[in-house]
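Visitor: Chain by chain, the residues run as shown.
2 protein chains.
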Amino acid sequence: MKALVTGGAGLVGSSIIPRLLARGADVLCVDNLTLGTRKHLEEFSSHPAFRFEEWDVSARDWHKKLGGGARFDLCVHLAANSDISLGHRHPEMDHQRTLATTFETLMAARELKIPNFIFASTSAVYGANPAFPTPENAGDMHPVSLYGAGKLASEAFISSFVENYGISAWVFRFGNVVGRRLTHGVIYDFTARLRKDPAELVVLGNGGQTKTYVDVEDLTSGILHGFEKSPAGRTHAERFQVLNLSTEGTTSVREIAEETVKVVTGGKAKIRYGTEQTGWVGDVRKTSLEVSRIQKLGWKPAHDSTGSVFKAIRDYNEWSR
Amino acid sequence: MKALVTGGAGLVGSSIIPRLLARGADVLCVDNLTLGTRKHLEEFSSHPAFRFEEWDVSARDWHKKLGGGARFDLCVHLAANSDISLGHRHPEMDHQRTLATTFETLMAARELKIPNFIFASTSAVYGANPAFPTPENAGDMHPVSLYGAGKLASEAFISSFVENYGISAWVFRFGNVVGRRLTHGVIYDFTARLRKDPAELVVLGNGGQTKTYVDVEDLTSGILHGFEKSPAGRTHAERFQVLNLSTEGTTSVREIAEETVKVVTGGKAKIRYGTEQTGWVGDVRKTSLEVSRIQKLGWKPAHDSTGSVFKAIRDYNEWSR
Numbered sequence: 002m003k004a005l006v007t008g009g010a011g012l013v014g015s016s017i018i019p020r021l022l023a024r025g026a027d028v029l030c031v032d033n034l035t036l037g038t039r040k041h042l043e044e045f046s047s048h049p050a051f052r053f054e055e056w057d058v059s060a061r062d063w064h065k066k067l068g069g070g071a072r073f074d075l076c077v078h079l080a081a082n083s084d085i086s087l088g089h090r091h092p093e094m095d096h097q098r099t100l101a102t103t104f105e106t107l108m109a110a111r112e113l114k115i116p117n118f119i120f121a122s123t124s125a126v127y128g129a130n131p132a133f134p135t136p137e138n139a140g141d142m143h144p145v146s147l148y149g150a151g152k153l154a155s156e157a158f159i160s161s162f163v164e165n166y167g168i169s170a171w172v173f174r175f176g177n178v179v180g181r182r183l184t185h186g187v188i189y190d191f192t193a194r195l196r197k198d199p200a201e202l203v204v205l206g207n208g209g210q211t212k213t214y215v216d217v218e219d220l221t222s223g224i225l226h227g228f229e230k231s232p233a234g235r236t237h238a239e240r241f242q243v244l245n246l247s248t249e250g251t252t253s254v255r256e257i258a259e260e261t262v263k264v265v266t267g268g269k270a271k272i273r274y275g276t277e278q279t280g281w282v283g284d285v286r287k288t289s290l291e292v293s294r295i296q297k298l299g300w301k302p303a304h305d306s307t308g309s310v311f312k313a314i315r316d317y318n319e320w321s322r
Numbered sequence: 002m003k004a005l006v007t008g009g010a011g012l013v014g015s016s017i018i019p020r021l022l023a024r025g026a027d028v029l030c031v032d033n034l035t036l037g038t039r040k041h042l043e044e045f046s047s048h049p050a051f052r053f054e055e056w057d058v059s060a061r062d063w064h065k066k067l068g069g070g071a072r073f074d075l076c077v078h079l080a081a082n083s084d085i086s087l088g089h090r091h092p093e094m095d096h097q098r099t100l101a102t103t104f105e106t107l108m109a110a111r112e113l114k115i116p117n118f119i120f121a122s123t124s125a126v127y128g129a130n131p132a133f134p135t136p137e138n139a140g141d142m143h144p145v146s147l148y149g150a151g152k153l154a155s156e157a158f159i160s161s162f163v164e165n166y167g168i169s170a171w172v173f174r175f176g177n178v179v180g181r182r183l184t185h186g187v188i189y190d191f192t193a194r195l196r197k198d199p200a201e202l203v204v205l206g207n208g209g210q211t212k213t214y215v216d217v218e219d220l221t222s223g224i225l226h227g228f229e230k231s232p233a234g235r236t237h238a239e240r241f242q243v244l245n246l247s248t249e250g251t252t253s254v255r256e257i258a259e260e261t262v263k264v265v266t267g268g269k270a271k272i273r274y275g276t277e278q279t280g281w282v283g284d285v286r287k288t289s290l291e292v293s294r295i296q297k298l299g300w301k302p303a304h305d306s307t308g309s310v311f312k313a314i315r316d317y318n319e320w321s322r
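Listed in order, the protein sequences are those of chains A and B. Under our numbering, the first residue of the first sequence carries the number 2, and numbering increases by one thereafter. Under our numbering, the first residue of the second sequence carries the number 2, and numbering increases by one thereafter.
Honestly, the hints are just simulated from the structure, not real lab data. Errors might be hidden in some of the hints.
The list makes no distinction among identical chains, and a pair is therefore deemed to hold if it is satisfied within one copy or across any two copies.
As the list claims (entries may be wrong) - No more than 25 Å apart at the CA atoms, straight line, and that leaves these computed lysine to any residue pairs for SDA-like:
#1 Lys-114 / His-91
#2 Lys-197 / Lys-287
#3 Lys-65 / Thr-192
#4 Lys-287 / Glu-137
#5 Lys-197 / Leu-29
#6 Lys-114 / Thr-236
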């Protein structure tokens, strides 16, 4: 199998690439290293079946760099601005880095006739949804973050490419993904702040936000599980498959703050909470995903939400020293 | 009231602008005249409160041409590639002309602090939806046309701009809009083909496709009715309102073909149907919209689906001679 992985130098890419290599695949990883880093690729960068190119997949016709004769069996499209809180000040960022990356990668899949397309979507596509926990077929999908908008927009174009150009797609809507190679997010932020000021941790929002978290190793095992156990059929619905991918439980910002203080400062920092219900504009206060669809395919995560978070706090603290 | 109307030189724009002028509004109409024409603006182009600019609203930062001091109370965003069947051969068209037009107009609304945003969406956002007639809160919104994808992507970004930048939005998902100033579509195509060959009409598909049609005058009265009778509230759900806008009934391609043959050739042409269930890739075979939400606001169309179609066939035949 030949696999093209966009945005492969990030948290998710650096976990799924070794799994693809272990399955005997040739992997071409493309990343512009805006959020991803070469350090994330170190463990497999010398693997003979691995190749890396520093390209920006939001550029019009970037796929021409691949050459017209390039053949891939699978595209794993991860490239995006994954830092949700940035969108508020820079709305053009999610238009370019979250949506245009997808559109131009779809153009690559169309041009090179790549039959299988795996997409990293997000619970943020649901917005503050009335259905809770939220199932894949929820209505009223009204994203409140630019990031969620860029991902839902991406899904819409993927759906139309499936109908028009014979591509089959697997859309995985992730919970909050955590692991040692974090590039942003709440654990990343808390750790950085505590290293700067080990006496006090200022938390955006009142700490009551609760979300579903998933360990990146569970997540990437789930992506390949879903892809392999649920092959494409003939109809649009069988060739455009949407799967929530997370743990069942949730974890509060308060729990994350307390554990990060414990791990990074030995419990010495005082935590000061804000009064807002959300951490920033576009934040969703509570997320929980209905995950029975992926579970029915036989996938079970090794860690629950809080287990994933606590493990990531420890692992990231080691990794980022 | 000052209103900015994008894509105002098309079928819908040329019907809504006189209604805005009649309400005493100043109207700036912007159109790149790709599908729209100056002829559509003739009836009100000399109105003192009307101004036209030939600009492309998909261009990055086009709003800078308006000047930083420009003030509008309302943006009616209609600009799009509205010819669905074109998308299959030119997927980049709907990325640019259906989505980027929306994104850059949202950037204008954000920059100029335009508080109210009316958006022309479409039944195509629902794809071939399991819910039929399809309500606004349907799940599994998986567009099959590039056009539907561009419109759903637009809705997603509008939703996020509502949350982030204090804009209130009214999203109207139109049925198939018909009227005398057609720029494309089934009546337009059939009429053109019959004028070229009055002896025979070749129909794409088996004629069994049935869709919901709405007269453009009913539609634009409905848009302003929905906007005026359902003011924005405080929550996201009250500031991002989605309303299906069409008639309840449906009309088949067979009925349209027969009536167009009658009107254009006096019934002389022979109709030859294809064998496919849809007319082109990305076409949806049957559409029907659940319209109780707009009806509850007191809107009632003057024409049903087939009445709208038959009127448009006659009116377009006169208008386009």
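Visitor: All hints are to be evaluated individually against the structure, with a verdict given for each.
Guide: Tested hints:
1. Lys-114 / His-91: Answer is between: at 16 Å across copies they meet the 25 Å cutoff, but 34 Å inside does not.
2. Lys-197 / Lys-287: neither (29 Å within a copy, 61 Å between copies)
3. Lys-65 / Thr-192: Neither, since 41 Å and 41 Å both go past 25 Å.
4. Lys-287 / Glu-137: both (17 Å within a copy, 24 Å between copies)
5. Lys-197 / Leu-29: neither (38 Å within a copy, 53 Å between copies)
6. Lys-114 / Thr-236: within (19 Å within a copy, 44 Å between copies)
Comparing the model with each earlier hint shows violations of hints 2, 3, 5; every other hint is respected.
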